[in-house]
Each structure stands twice: as structure tokens, then as C-alpha cells.
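The chain contents come next:
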Amino acid sequence: MFTEYHPIIGAILSFAFYYPFFMAFFWMIGGLYYRCHWENITGRRPDNPPVMDYEPPVSLLVPCHNEGGNVRDTIDFLLAQEYSDFEVIAINDGSTDNTGDILDELCDTHEKLRVIHLASNQGKAMALNSAALMANAEYLLCVDGDALLDPHATRWITRHFMQSQEVGAVTGNPRIRNRTSLLGKIQVGEFSSIIGMIKRAQRIYGRIFTASGVIVAFRKTALHQIGYWSNDMITEDIDVSWRLQLDNWQIRYEPNALCWILMPETFRGLWKQRIRWAQGGAEVMRRYFRHLFKFQSRAMWPIFYEYLLSVFWSFLMAAILFIWIVEQFITVPDSIFIHSILPGWSGVLIILTALLQFVVSLIIDSRYEKDLLKYYFWMIWYPMFYWMINTATMVAGAPRALFKKQGQRAIWKSPDRGIR
Amino acid sequence: MKSLIIDRPSKRSLQQKYIDNSLKVIMLLGWLYLALPALTFGIWYIAYTFFNQHLILLEGYKEYKTITSYWYLIIIANMLVVTFAWSKGNKYFSKKEASVHADTCLPVRESSEFFHVAEEDILRYRKMKKMTVFYDEVGSIVRVATP
Chain A
588 MFTEYHPIIG
598 AILSFAFYYP
608 FFMAFFWMIG
618 GLYYRCHWEN
628 ITGRRPDNPP
638 VMDYEPPVSL
648 LVPCHNEGGN
658 VRDTIDFLLA
668 QEYSDFEVIA
678 INDGSTDNTG
688 DILDELCDTH
698 EKLRVIHLAS
708 NQGKAMALNS
718 AALMANAEYL
728 LCVDGDALLD
738 PHATRWITRH
748 FMQSQEVGAV
758 TGNPRIRNRT
768 SLLGKIQVGE
778 FSSIIGMIKR
788 AQRIYGRIFT
798 ASGVIVAFRK
808 TALHQIGYWS
818 NDMITEDIDV
828 SWRLQLDNWQ
838 IRYEPNALCW
848 ILMPETFRGL
858 WKQRIRWAQG
868 GAEVMRRYFR
878 HLFKFQSRAM
888 WPIFYEYLLS
898 VFWSFLMAAI
908 LFIWIVEQFI
918 TVPDSIFIHS
928 ILPGWSGVLI
938 ILTALLQFVV
948 SLIIDSRYEK
958 DLLKYYFWMI
968 WYPMFYWMIN
978 TATMVAGAPR
988 ALFKKQGQRA
998 IWKSPDRGIR
Chain B
950 MKSLIIDRPS
960 KRSLQQKYID
970 NSLKVIMLLG
980 WLYLALPALT
990 FGIWYIAYTF
1000 FNQHLILLEG
1010 YKEYKTITSY
1020 WYLIIIANML
1030 VVTFAWSKGN
1040 KYFSKKEASV
1050 HADTCLPVRE
1060 SSEFFHVAEE
1070 DILRYRKMKK
1080 MTVFYDEVGS
1090 IVRVATP
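As given, the protein sequences belong to chains A and B, one line each in that order.
Counting in this note's numbering, the first sequence runs from 588 upward without gaps.
Counting in this note's numbering, the second sequence runs from 950 upward without gaps.
To be clear, the hints were calculated from the coordinates, so they are not data collected in a lab.
Bear in mind the structure is a predicted one, so any value in this text is a computation, not a measurement.
Each hint should be verified, as a subset may be incorrect.
Stated by the list, open to error - To list a few chain A residues with every Cβ distance to chain B over 12 angstroms, as calculated:
id: 1; residue: Pro738
id: 2; residue: Leu769
id: 3; residue: Gln860
id: 4; residue: Met872
id: 5; residue: Phe909
id: 6; residue: Leu929
Said to hold, decoys possible - Not the full set, but computed from the structure, chain A residues with beta-carbon under 10 angstroms of chain B:
id: 7; residue: Gln709
id: 8; residue: Asn716
id: 9; residue: His811
id: 10; residue: Ile917
id: 11; residue: Phe964
Even glycine gets a Cβ: it sits at the ideal position worked out from N, Cα and C.
Just need the whole structure built from these sequences, with the hints factored in.
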């Protein structure tokens, strides 16, 4: 393939084709293996978790910053957990709206709710660190201030800690609530096909890139050993996931632990979110790059290389697009001339593979949400639209991480929560 | 000169106005509701035409078949075998490394040392239902008060 190019250019262009093609199959097979092996073991639905002989105490932590419109629902769902021994700790991190008043009011009426007000805005990591100190339980289940935790999620998650002393964290299955706009509909498919499937595949090869901060539980001992959450990382969840795993703690994925979340439904909100994710990933790479050359960190190598390849691919696609735009105006050497950015047979094949990946992932996730397959109709937008956004955010976000001043405190910014 | 065209919506009867305006609203809502699905159908159609042109008419599938008949499958199979073997190997060899992890329940003393807060204070805070936490500029807890 690409025989008309200089061998090196041809090899680079081949990579642009082969990378998404092979990775899609890799993720699909990993996801299917996980589905057939692990998700079949219990044979139970999310609303019917296995009964445990002993339910250890759990502290449910919910950091909030200007969540006046959401926090009441979030707390109600947390208090409705089908679990015998838990407390809810809401952390009001210097909110400037009525979040603090709502929490105080709820605290007066609910026995299990405790409220920590931070006198000034300290950022999510500091809010969680404070809550970890004040929490009575060894197991900390953290959800975002706008997320609704399924009543059975705590039981599904806690059983992993009971099964193995090696488990340092367990992440759940975030499901998108807001689906009014096209962006919302596409993200429903994205969370199944890209995020859910990749987590399943990564569990098969041993390590997870990130335990999503929107629903994740930790063993406090594990957090303590790694020094809790870092307050200078833009995505504290990616950072804590990497540090736990570099310290040989296991992170598990529990698809039955559902958590209903809000996602951006504007281009601006989506762009900001994806930039943050891209920057967060690159920051983590920058910080732990040296650790990855140690033999003790070998279990992290697959996700490390997977990440590096995805960054390289994004920059490569941006370069191809750039060359194509340039050659519309000036003559470029034949060796790098891009004939068309419209897909030829190879591009069509990649899109077909992506569409196959969407079908497989939506079928896998249909177990957790009825009528999920109807969102397949909207996924045709994904290859042309979201790939561009993700490529652009990676190209824009990674340099920010590389040139960011280290040690700068990351604080809250209220994100776009979509159409409600 | 008097216009030959007569177009005076205001002269319609109330019934006509009601029907006309209702139809307009229904059409507009229908358009708003159907525009996105119609556009999405369009994208599916474009995807189909690309598929038909490049893989069927221009016989792209032959090139794909030539490569895939052997190498694609071999590479994917190898990726899987190597990664699964890597994972299983690490799991086996990491048992010893993981065994250093302590048993459950972090002692209060260790939290005290890490956060530089006295043990008895931590135990007192853990019994409080509401509290306000004050920090210094480097993020250390300086005071905890009841609101």
C-alpha cells in the first residue's frame, strides 16, 4: 500500500491506516472476551447484585462546586443505596451559588449525610483529600456532584474489594442522561463503543488507562500509600489511576455499577472537555514517563504504548490534513503529495470497521440499558465528526501539558451539562 | 396601479386563520424533528455510495482481500496472543509484589502523619456532621470549625 510514495512516507501513511484498523479489532476482541468471560460469570442483572456475607462500611464522597441545580438529586440517589452500612459525605468546595445552603438543609434531615464546607475553592483533588481524612470507612466511593448513582452500584463495587487484597480501585459504568441533541446521542454510542469497550479490553491485558472520576471507589490504604490525589493535575482521575497501578495495585472495571451522568451538548462545552482529557493524559505521561522504563512497571507498558500510538496517530492525521490544505495553494514534492482526504477503499474500510465496532459495543452494553441499539443510527456521524474533534483536541491539548508550569494548583470550572 | 395579485391573509375567516396557523406550527415542528434524522440518513447514503464506489465498483475489496487473506489475521492474532500472554505472565509474577500490600483499614495514626493533623482531632472530625475546613496557602489544613 502507498507504493507511489517514498518508503518512509509510505510507511507513515500505512500507519495512519493500520493503527485504527488493528486497534478496533483488538478492542472488539478484548471487549467480547471480557463480555463472554467476566460478565457472564455472575449471570446477574445490574438490579440484582450478588449477596455478600459481610458488607463493609463505605463512605460515599461527592465533591461539589456550584452544583445547586443538581446536588439534591445526586444526594437523594446516594442516600437510596441498597447497602447496609454507608455514610454520604458532600464536600462543598467554595461554591458561590446555593450549593452550601442546600447541603446544610439536607444534612439536617438525613442522618447518613455529612457536609464538609471548604472555606475557599481548593479544587477537586483537595476536596477529595479532605473527605478521605474525614471519612470513617476504609472504602471510598466517589461520584461527581451532577451524577446519579444506581441504588445497587455500591454493592456491585464493594464485592471486588472483598474478593482481593490487590484491588486498589474499582471503576463503574457511566451512562449518559442527556440525549436531546445530536452531540448527546453520539456520546451515548461513544461511551459504549470507545470508552466501555476499551476499558473491557484493557482489563483483559491487565491495566486501565483511567478509572473515571465520575464513578470510582478506592481502598483508603491504597490511596494513602500513593499519597492521595494530586492537586496539580488537570485530570486527577487519570493521575491517581496511573499511580495506583505503578504501585502494583489492581484497578477493576464493574459494568454493573451504573452511574447516570451529564455530558456537554454544545461544541464549546465538548471542545473544553476533550481538551481537558487530552491535556490530562499528556500531563500524566510527562510525569510518569521515566517510571515506565522500569521493569517493575512492565504491566503498564501496553497502555503506555497504546497511548503513545494514539497521540502519534492524531498528530499524523493533523499533518496529513495540513499538507493537503497547503498543496491546494502551493506545489509540494510528489513524495508527500496527498491525493485526497476523502476516503478511498482504505478509508471506507476503516469506517466500516468503526461501524462494526459500534454494533459490537452497543450489543455488549445492551445488557445494561434497553433500546441502546437505536443509537446506532446516529453513529454514522462519529467517524467524520468526532474523530476530527478528538484529533484536534489531542493536537491542541498535548502541547499545553508539555509546556505547563509544574506544581500549579488545578481548580474547578463548571462544565457544560447539556440540555435539561 | 392596483396590483393584480390578491394576497390578503388578514381577510381570512377565523376558522381559516386557525387552520392555517395550526398547519404552519405542525409543519415547522415536523421539520425541526425530522431535519436531523433526514440529514443523518443523508450521511448514511453518502457512506454507502463511498462503499459502493471504492470497494465494489473500483474493486477495492480485491486489494483488501489480497492483504487480509493472510497478514491482517496473523497480525491481529499475534497482537492478542502476545498481549494476553503478557497480562497472564504479569499477573503470575506480580503476586509476590502485590503481597506487600497491607491488610485493610488504614490506621488513624498514618492519616495523622500524612495530613499533619492530631489523631484525636481526626477522630473528633469524623464524628462531626457539618464542618468548615480552612487551609493555608500551600493547602494544609489549619483549622476545622463547626458552622
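The hints, checked one at a time:
1. For A:Pro738, the shortest C-beta to C-beta distance to chain B comes to about 23 angstroms, beyond the 12 angstroms cut-off, and the non-interface label holds.
2. With a cut of 12 angstroms on Cβ distances, A:Leu769 falls inside the contact zone with chain B, its closest approach being about 6 angstroms.
3. The non-interface label for A:Gln860 is consistent with chain B: the shortest C-beta to C-beta separation is roughly 22 angstroms, beyond 12 angstroms.
4. The claim that A:Met872 is not at the interface with chain B holds, since no C-beta of that chain comes within 12 angstroms of its own (minimum 20 angstroms).
5. The claim that A:Phe909 is not at the interface with chain B holds, since no C-beta of that chain comes within 12 angstroms of its own (minimum 23 angstroms).
6. A Cβ of chain B approaches the Cβ of A:Leu929 within 12 angstroms, the least distance being about 8 angstroms, so the stated non-interface status is violated.
7. Interface restraint check for A:Gln709: the shortest CB-CB distance to chain B comes to about 6 angstroms, inside 10 angstroms, so the restraint holds.
8. Here the hint on A:Asn716 is kept, as its CB sits about 8 angstroms from the closest CB of chain B, short of 10 angstroms.
9. Annotation: interface hint on A:His811 holds; nearest CB of chain B at approximately 5 angstroms, less than 10 angstroms.
10. At its closest, the beta carbon of A:Ile917 sits 28 angstroms from a beta carbon of chain B; the interface hint therefore is violated under the 10 angstroms criterion.
11. For the restraint placing A:Phe964 at the interface with chain B, the shortest Cβ-Cβ distance is roughly 6 angstroms, inside the 10 angstroms limit, so the hint holds.
Hints 2, 6 and 10, counting from the list given before, are not met by this structure.
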